[in-house]
Amino acid sequence: MTAPYLVAAQPQDSLTLNSVKGDFIQLRDVYKSYGEGLVVMDHLDLDMRSDDRLVIIGPSGSGKSSLLRVMMGLESIQGGKISFQGKPYIDGTARGAGKPLDAKLQAQVGMVFQHYTLFPHLSVLGNLILAPMKVHGLSKVQATEKARVFLARLGLESKLNVYPSQLSGGQKQRVAIARALMLEPKLMLFDEVTSALDPEMVTEVQSVMMQLAEEKMAMIIVTHDMHFARNIASRVVFCANGKVVEQGPPEQIFTKPKEPRTREFLEKVLHLD
Amino acid sequence: MNYEFDFHFLTGNFGVLWDGLKVTLQLALISNVVGLVLGFGLCLLTLSRWFFIRWPAQLFIEFFRCTPALLQIVWFFYCLPMLFNVFIDPITMGVLALGLNLTAFNAEAYRAGVQAVPREHEDACVALGLSPWQRTIYVILPQAVRTALPVLMTNGISILQQSALVAIVAVADLMYVGKSIATEAYRPLETYSLIALIYFALSLPIAQLVQWIERRQDTALAR
Numbered sequence: 002m003t004a005p006y007l008v009a010a011q012p013q014d015s016l017t018l019n020s021v022k023g024d025f026i027q028l029r030d031v032y033k034s035y036g037e038g039l040v041v042m043d044h045l046d047l048d049m050r051s052d053d054r055l056v057i058i059g060p061s062g063s064g065k066s067s068l069l070r071v072m073m074g075l076e077s078i079q080g081g082k083i084s085f086q087g088k089p090y091i092d093g094t095a096r097g098a099g100k101p102l103d104a105k106l107q108a109q110v111g112m113v114f115q116h117y118t119l120f121p122h123l124s125v126l127g128n129l130i131l132a133p134m135k136v137h138g139l140s141k142v143q144a145t146e147k148a149r150v151f152l153a154r155l156g157l158e159s160k161l162n163v164y165p166s167q168l169s170g171g172q173k174q175r176v177a178i179a180r181a182l183m184l185e186p187k188l189m190l191f192d193e194v195t196s197a198l199d200p201e202m203v204t205e206v207q208s209v210m211m212q213l214a215e216e217k218m219a220m221i222i223v224t225h226d227m228h229f230a231r232n233i234a235s236r237v238v239f240c241a242n243g244k245v246v247e248q249g250p251p252e253q254i255f256t257k258p259k260e261p262r263t264r265e266f267l268e269k270v271l272h273l274d
Numbered sequence: 069m070n071y072e073f074d075f076h077f078l079t080g081n082f083g084v085l086w087d088g089l090k091v092t093l094q095l096a097l098i099s100n101v102v103g104l105v106l107g108f109g110l111c112l113l114t115l116s117r118w119f120f121i122r123w124p125a126q127l128f129i130e131f132f133r134c135t136p137a138l139l140q141i142v143w144f145f146y147c148l149p150m151l152f153n154v155f156i157d158p159i160t161m162g163v164l165a166l167g168l169n170l171t172a173f174n175a176e177a178y179r180a181g182v183q184a185v186p187r188e189h190e191d192a193c194v195a196l197g198l199s200p201w202q203r204t205i206y207v208i209l210p211q212a213v214r215t216a217l218p219v220l221m222t223n224g225i226s227i228l229q230q231s232a233l234v235a236i237v238a239v240a241d242l243m244y245v246g247k248s249i250a251t252e253a254y255r256p257l258e259t260y261s262l263i264a265l266i267y268f269a270l271s272l273p274i275a276q277l278v279q280w281i282e283r284r285q286d287t288a289l290a291r
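Heads up: the sequence lines are chains L and Z, in that order.
Quick note, my numbering runs 1 ahead of the 1-based positions in the first sequence.
Quick note, my numbering runs 68 ahead of the 1-based positions in the second sequence.
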């Protein structure tokens, strides 16, 4: 494991030079590691505005997914603080903490995962109305009505009573997005949502995400699809070894990256495409 | 073989047999309710992250798996009243012994079902804001039951057979009344064959149902 030493050699000011102000989400000095060897968030600072669509790119193991999982409350941090909508959200400095402090704030975050996480024993409708009924206390009629609206928006109204096993991969992911939207989140997290899909199904999922972007939904997206990243991002964040190496508008990152590490990474992945 | 079958003696005994059958069905059905409900609870305990919850639960399971059911029944009937000074009616005691035995076996079946639920579903539940209890009831339990159903049903049939063991402690179930009739009428062959047929007729449809469910699950997986 040589990675942590490489990090130490990085000029610290590259971070502050590129930092962007925003008070929707603020990560300050966030630290997370799995044991000693693997530091996935190394005193990370990151800001986000409510109209931002952050796309996080970087080599695997750079902490991209960890950032999303921490924001969702699936994993804890061991240092630093995160605020969400101006309120303290996660505090890694307190002992035994590092998970969301406020369930109400946590409920305003929605997440879609790489692998389909639809519940196979419930129909599409059942998947959509479970949380609105049990968590938000909606009646079945209200929740069903809402589900119809969301499914129609994503072009899935005919699939209301179908079970997940009868859907294609792309349809499953669209239903998963609809399920998250049912809870009216203020922030949507997308963790490599098209990575497990057959190529011909990627577009239908991406166009749903583009639709959300047009509706000004705040999103953090982790993806390996650089073309899509360029299209949807308001800002691209390049992470490596648990740090933000460089961030900026997609045009800048993809055409004239400042940091050699960013350039090196982009050359590799774009060459492969 | 020059034995002459004679079923005439049974005509006067239908009422007794029917009463015995009712007791057997009562034992089997209530034990199954106990086993299905407590079994899931016990399964959750064995999956606990705390050793002091997990360990006694596992011990409970091993106790019932590693001792003969006949011994468990005898122990419940004779030792429980002596130890705790409780005297419960024989059928309830039978249900208790058989139900707890089934609980142990069903807990293992449920556990396989719970462990087959993908890890990602846990994450999805957190993302949807479901509480741990809601996750268990609405997401994990239904999926676990589906996977475990054939085993749960097989365990259910086997408890119907095992219920015959309570005859030894004088609970008037089908086996017990059969034994009395056989002795009174000196007709063991006819009586025991008939009793066997009744048990068989009760279990076979359920066994067939299990096979049908398994076939359906196989084709569902193959899709």
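To be clear, the hints were calculated from the coordinates, so they are not data collected in a lab.
Ideal placement from N, C-alpha and C gives every residue a C-beta, glycine not left out.
Heads up, a few of these hints could be off.
Said to hold, decoys possible - With beta-carbon atoms standing in for the labels, derived distance ranges:
no.	chain 1	residue 1	chain 2	residue 2	range
1	L	100	Z	277	54 to 62 Å
2	Z	97	L	211	56 to 64 Å
3	L	166	Z	77	32 to 40 Å
4	L	250	Z	105	27 to 35 Å
5	Z	187	L	272	44 to 52 Å
6	Z	283	L	77	43 to 51 Å
7	Z	187	L	208	23 to 31 Å
8	Z	277	L	161	28 to 36 Å
9	Z	273	L	212	46 to 54 Å
Claimed, not checked - Sample of chain Z residues at the chain L side, in silico, Cβ under 7 Å:
no.	residue
10	176
11	180
12	184
13	205
14	210
15	211
16	217
Hint check results:
no., hint, result
1, 100(L) x 277(Z): 54 to 62 Å, "violated, 45 Å"
2, 97(Z) x 211(L): 56 to 64 Å, "holds, 57 Å"
3, 166(L) x 77(Z): 32 to 40 Å, "violated, 57 Å"
4, 250(L) x 105(Z): 27 to 35 Å, "violated, 59 Å"
5, 187(Z) x 272(L): 44 to 52 Å, "violated, 34 Å"
6, 283(Z) x 77(L): 43 to 51 Å, "holds, 45 Å"
7, 187(Z) x 208(L): 23 to 31 Å, "holds, 29 Å"
8, 277(Z) x 161(L): 28 to 36 Å, "holds, 31 Å"
9, 273(Z) x 212(L): 46 to 54 Å, "holds, 53 Å"
10, 176, "violated, 21 Å"
11, 180, "violated, 17 Å"
12, 184, "violated, 11 Å"
13, 205, "violated, 9 Å"
14, 210, "holds, 5 Å"
15, 211, "holds, 6 Å"
16, 217, "violated, 12 Å"
When the structure is compared with the earlier hints, violations turn up for hints 1, 3, 4, 5, 10, 11, 12, 13, 16 and for no others.
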